[in-house]
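Trainee: In case you want the letters, here they are:
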Amino acid sequence: MSAENRAQETRGQGDKETRRGTPTMSEANGTMNIATRDDVAAWLDGLSRDLTLIAPKAVEDRVLYRPVAGSAEIAFDFGKADLPAKEYFLPSTHVLFSVEKDKEGLRVEEPSLEEGRVLFGLRPCDARALRVLDALFLKEPVDPYYAERRERTTLIGLACREMGEECFCTSLGLAPDDASDVDLMLTEVGGGRQEEGKGYAVQVVTAKGEAILGNLRLREIAGALPEPAVREKTPVLEAEAWSRYFDHAFWARLADRCLSCRLCTYVCPTCRCFDVRDYETPNRGVERLQAWDSCMAENYRRIAGGHDPRPTKAQRLRNRFYCKFCYYPQDFGPIACVGCGRCIARCPVNVDVVEVLQNVATL
Amino acid sequence: MIDKIRAKARELLESGQVHCFIGYEEGTRGKVRPAFIYEPQDADRLIWDERCTYNLVTYLHQFQSAPNPRPGGVRETPPPVGILVKPCDSRSLNVLFHEEQVEREGVYVVGLTCQGVKVNGQPQARCQRCAERVPLVYDLVLGGVPKTVGREDYADVVKLEGLSPGERLAFWTKEFDRCIRCYACRQACPACYCFECVAEQLDPPWMGIAIDLPQKQFFHVMRAYHLAGRCSGCNACEEACPMGIPLSLLNRKIAREVEALFGYKAGQDAQTPPPLATFKKEEELSL
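Chains as they are written, first to last, in this note's numbering: chain D, 1034 to 1396; chain Z, 1067 to 1353.
Careful, some of the hints might be misleading.
Unchecked claim - Covered stretches of chain D (chain Z as the covering partner; in silico rule of three or more C-beta atoms under 8 Å from a C-beta of chain Z):
(1) 1283-1294
(2) 1306-1314
(3) 1324-1334
Claimed, not checked - Rough simulated footprint, nothing fancy, chain Z against chain D, three-plus residues with beta-carbon under 8 Å:
(4) 1156-1163
(5) 1261-1275
FYI, nobody ran anything at the bench for these hints, they're computed from the structure.
For every residue, glycine included, the Cβ atom is placed at its ideal position computed from N, Cα and C.
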């Protein structure tokens, strides 16, 4: 079965041309299509019978995107998942193929990818991050694994009502209720955080989204989508302007306190470096593994012979910011930061990208 | 108190006794962060309050010169630095002095008496267990006379030991499953200073690059063993962990074993060798 056919099957019947980017729903005539939370839960339960449902789930005191058996496991009231949904498109570990030897000879096996998936509760920043990754992985030569996973997954977005403490998505050109990167957008309306009277306004963004709408009960009511609360933006320098500050002493001083751990890159929805290595399997075969790597790691740039062209942590930390705001936009188009603020929230030593952007603007 | 710290840092920098003073400063969003002061006039950035949880001793490694790789080669003497240490940090400092990672003469230690620090406004369990309120090593000590002293009762370790092996395995599997192999724990740890960690060594590939449960378990158990008799309970690892894994529980389990077997607590002084790093002739070996 070709990738295209498989994708068609995943989308199901009623697949129409993509309507990404066009005005959706009934915004023009001032009405919204509302579904109650119970109806959304029942609808997700229905979807989970045929598709893998991935949704925010409480894991100890964290909220993580996890495959769930049904809506009962979903953490509906959450701010932002502690880790992005990146791992479902660029898994932290992925066996590309394995080679086993038996009497017949060599056998090469390629593990099959996951079947159709629905990702519920994707925040606009995490959805935009996928668009950022698309710019690299879907550009020729296309990464077939990423492309397949992307194709087989329908994204159900959940608009933010407000910006979280460390969020700065608006500085990167997004809005907390940005619907442009998902297939279906849900916005909480009415009832505040209470269960009663709470519902979701449903916007169909793409044909892929429309295809999974199925029998979700929608009620048309008058009204407009609530405006999310936003904060002042942080100015972000143009990609070209960054080269002026490459040799500035600022980076060494900033890096003094950097621990050179991989935390910021592994909680980042757009950091995408990986390593590929071969390992022996228990049956004396071999498997080729792809796993996340991090430019913050001390051995990241070490090459044959032991030379490291980026040996200091100041060079490594500078590279992370240049990669996001200078190199990636120059090479692939989008800025490789969506303002989710996870690195700010989690950095053990308060390396704060918003502060860095402010500081660089005044160097 | 803050004035005294700033004055001392300024004096050390002005006199050239140190080229950098490592302390704490106000960060963004109400956070405190490590500060590196190179100029006397910047000493006013230094602060000290109960949010100052970081163990700054970790940063001494970056001021050390790499050892000369040639046989018999000597390490260049690095320029001296000044550092603020709490009692818990001073234990880490003793560990590094003993292991000859940092030269005593190369560090000017400003010790601070401490009644405990807070993370997000919460008093820390480790502070309630801390038996020291005055640093164990310092050139100058600042702060009032401490009122209370904590006591380590290993209550949480005892509770975990009460579980069956199966239950303990389930507990740690659940905890380590959340690990993302970011190594923040290791990087924040003053006692983890290998040039190349077993976890990242590519040849031989002890662990490999996969970020799966076996690698996560291997890494944390390996790290805990490497810290046996060396971990001084500063909790920097746990505070750095983005996934809330209770790493101190593992480290303190081993600390308790070491204390029970050898009557040894890490970092009490810079002379007594840790039991796992020494050998006595009368020791019985059951090899």
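Trainee: Does each hint fit the structure? Answer for all of them.
Mentor: These are the hints, each one checked on the structure:
no. : hint      : verdict
1   : 1283-1294 : holds (count 6)
2   : 1306-1314 : holds (count 3)
3   : 1324-1334 : holds (count 7)
4   : 1156-1163 : violated (count 0)
5   : 1261-1275 : violated (count 0)
When the structure is compared with the earlier hints, violations turn up for hints 4 and 5 and for no others.
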